[in-house]
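2 protein chains.
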Amino acid sequence: MVIRVVKSNGELEDFRPEKILRTLRRAGADKRTAREIVRKIEKKVYDGIATREILRLVKEMLSEEQPHVAMRYDLKSAIMRLGPAGFTFENFVAELLKCYGYQTRLRSVVRGRCVQHEVDVIAEKSDGDFVRAMIECKFHNLPGGAVGLKDVLYTYARFLDLNEFAEEGKGERFDEVWLVSNTKASAEATRYAECRGMKLICWRYPPKLGLEKMIERKGTYPVTILRSVDRGTLEKLSAAGIVLVKQLLECDLSRIGISKARLKKLISEAEQLVTEERSNRQGEH
Amino acid sequence: MVIRVVKSNGELEDFRPEKILRTLRRAGADKRTAREIVRKIEKKVYDGIATREILRLVKEMLSEEQPHVAMRYDLKSAIMRLGPAGFTFENFVAELLKCYGYQTRLRSVVRGRCVQHEVDVIAEKSDGDFVRAMIECKFHNLPGGAVGLKDVLYTYARFLDLNEFAEEGKGERFDEVWLVSNTKASAEATRYAECRGMKLICWRYPPKLGLEKMIERKGTYPVTILRSVDRGTLEKLSAAGIVLVKQLLECDLSRIGISKARLKKLISEAEQLVTEERSNRQGEH
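As they're listed, the protein sequences go chains A and B.
Offset between the first sequence (1-based) and this note's numbering: plus 32.
Offset between the second sequence (1-based) and this note's numbering: plus 32.
A hint or two may mislead.
Any copy, or any two copies together, can satisfy a pair, since identical chains are not distinguished.
What the hints assert, rightly or not - Heads up, simulated DSBU-like pairs for lysine-lysine below, C-alpha to C-alpha not over 30 Å straight-line:
#1 K72 / K108
#2 K182 / K216
#3 K91 / K297
#4 K202 / K182
#5 K182 / K231
#6 K278 / K231
#7 K182 / K130
#8 K202 / K130
Think of the hints as simulated: they come from the structure by calculation, not from any bench.
With the rest of the complex left out, here is chain A (with noise of 0.2 Å):
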């Protein structure tokens, strides 16, 4: 019997086991837990299951086994979950580039040639050459929305504005362009980006170093990946400008008006994670 899954977008593929098994084995899990998830998931999949219900047996499954690679498991849903707007995203990248070196401004209103942009990311590095990059953040709740052509054109028309004023010698000059998702980008969309020398940054694309990577590569997990952080700890947690599970563990959390309760188990699923994600690492190497 041809078992389908269908897709976010509607679209239908064959359920492939060794996808889940990769996914598994990426996301941290030893090869015995990852077969044995598998072998359980094929008992259980129908014609027509959607991915959305793979991944939630999936990770029913793996939180028995591994509770912290679960949770690692589980990183494009907790990107999507610093939404409905894109603000907390947004913050998110400028700590994730902090982590590589950046120094970041958030959402500054620029002048172009023609109008006033708001740039919702600067990232500014000075190691070797000085290089400076506006960055367009787009930010999807839902699965299944992309980056598209018109994205990338009005990022690029943006950049041209901005840097047309600094030539007349009135503003900061930007040297580089990105454009930053949470989900992929279509194929025109990278197409033109790759053309104009546009970074463009999504999930699993570039394909050596797509947010997921750089995400994985630092450890700079977002705070909604924790079990415990429902939206009312994320509002309290984003307002006091935390969005990485990092920063739980650096910054004073006495006076965000989070419960001691709350905070306690906060702070044990973070120094859990962190843990796991440095002895991790630490195999790897």
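On the provided structure of chain A, position chain B as indicated by the hints.
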């Protein structure tokens, strides 16, 4: 007592009877009728009334007095009824431009330097200097929508991409870039378009020849302005390439699947509108 009206975007503004008078007169109502209607409306409004409720009342009263003026008064809603998708609006824009002496091509796929683009309308004119315009149509099917900065930015980037390819001697060069919409444009979008020499044709913008004036000047009303055009009729007309009231009187309608009774009604309404239109315009001279 202060009476405020709720606009379609949710904003409040003071009720101004002279605004209704002006719109009525612009639609062609005679002075006596217009004043009479305003008097009746003043008795019916209450604090917090929606503008669309006022519109409904005015149309009702106007239909009794001057039925064909009532149709024109309804122009904005008639254009929205070309939706929900933007397809028929593109056809409408192309037909409108033909009345201004342009030759038009719809939804052409044109190669740019980086990617291929679908251009909604290509319009060419050759009386005097030859002009080729790339036209992006932005249709909103709800009142309150507006052309924003991102729309003019991506349209301009598309124009650049197409012309950079043309400069390599490989494609058609566009002399002008236009954006046509059935709603208003934001102040930023307007400023950017002006600065880039982009032609912006929106609702009441530019003030001297916005979309509504372009339509009124040539009497190129959309078929949706006729009361007997419902959803199903519109689909059949649209499939047959008919979007203007004028076309109803010029084309062979016998084979497009509309019943004889309805056709008769349609044509009678169209004839009344066109006749009144003509005498109105003669009256203006």
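Here's how the hints hold up against the structure:
In the homo-oligomer, the alpha carbons of K72 and K108 lie at most 30 Å apart inside one protomer (23 Å), although the nearest pairing across protomers, at 59 Å, exceeds that limit. For the identical chains of this complex, K182 and K216 are neighbours both inside a copy (14 Å) and across copies (20 Å), given an alpha-carbon limit of 30 Å. Taking the closest pair of Cα atoms, K91 and K297 come within 30 Å of each other only inside a single copy of the chain (20 Å); across copies the shortest separation is 63 Å, beyond that limit. Taking CA atoms no more than 30 Å apart as the test, K202 paired with K182 passes in both settings, with 28 Å inside one copy and 23 Å between copies.
Taking CA atoms no more than 30 Å apart as the test, K182 paired with K231 passes in both settings, with 15 Å inside one copy and 19 Å between copies. Within a single copy, K278 and K231 get their C-alpha atoms as close as 26 Å, which meets the 30 Å cut-off; across copies the closest is 50 Å, which misses it. Proximity of K182 and K130 under a CA criterion of 30 Å is satisfied in both settings, with 28 Å inside one chain copy and 28 Å between copies. For the homomeric pair K202 and K130, the shortest alpha-carbon distance inside one copy (27 Å) is at most 30 Å, but the shortest distance between copies (44 Å) is not.
Hint check: no violations occur; every hint is consistent with the structure.
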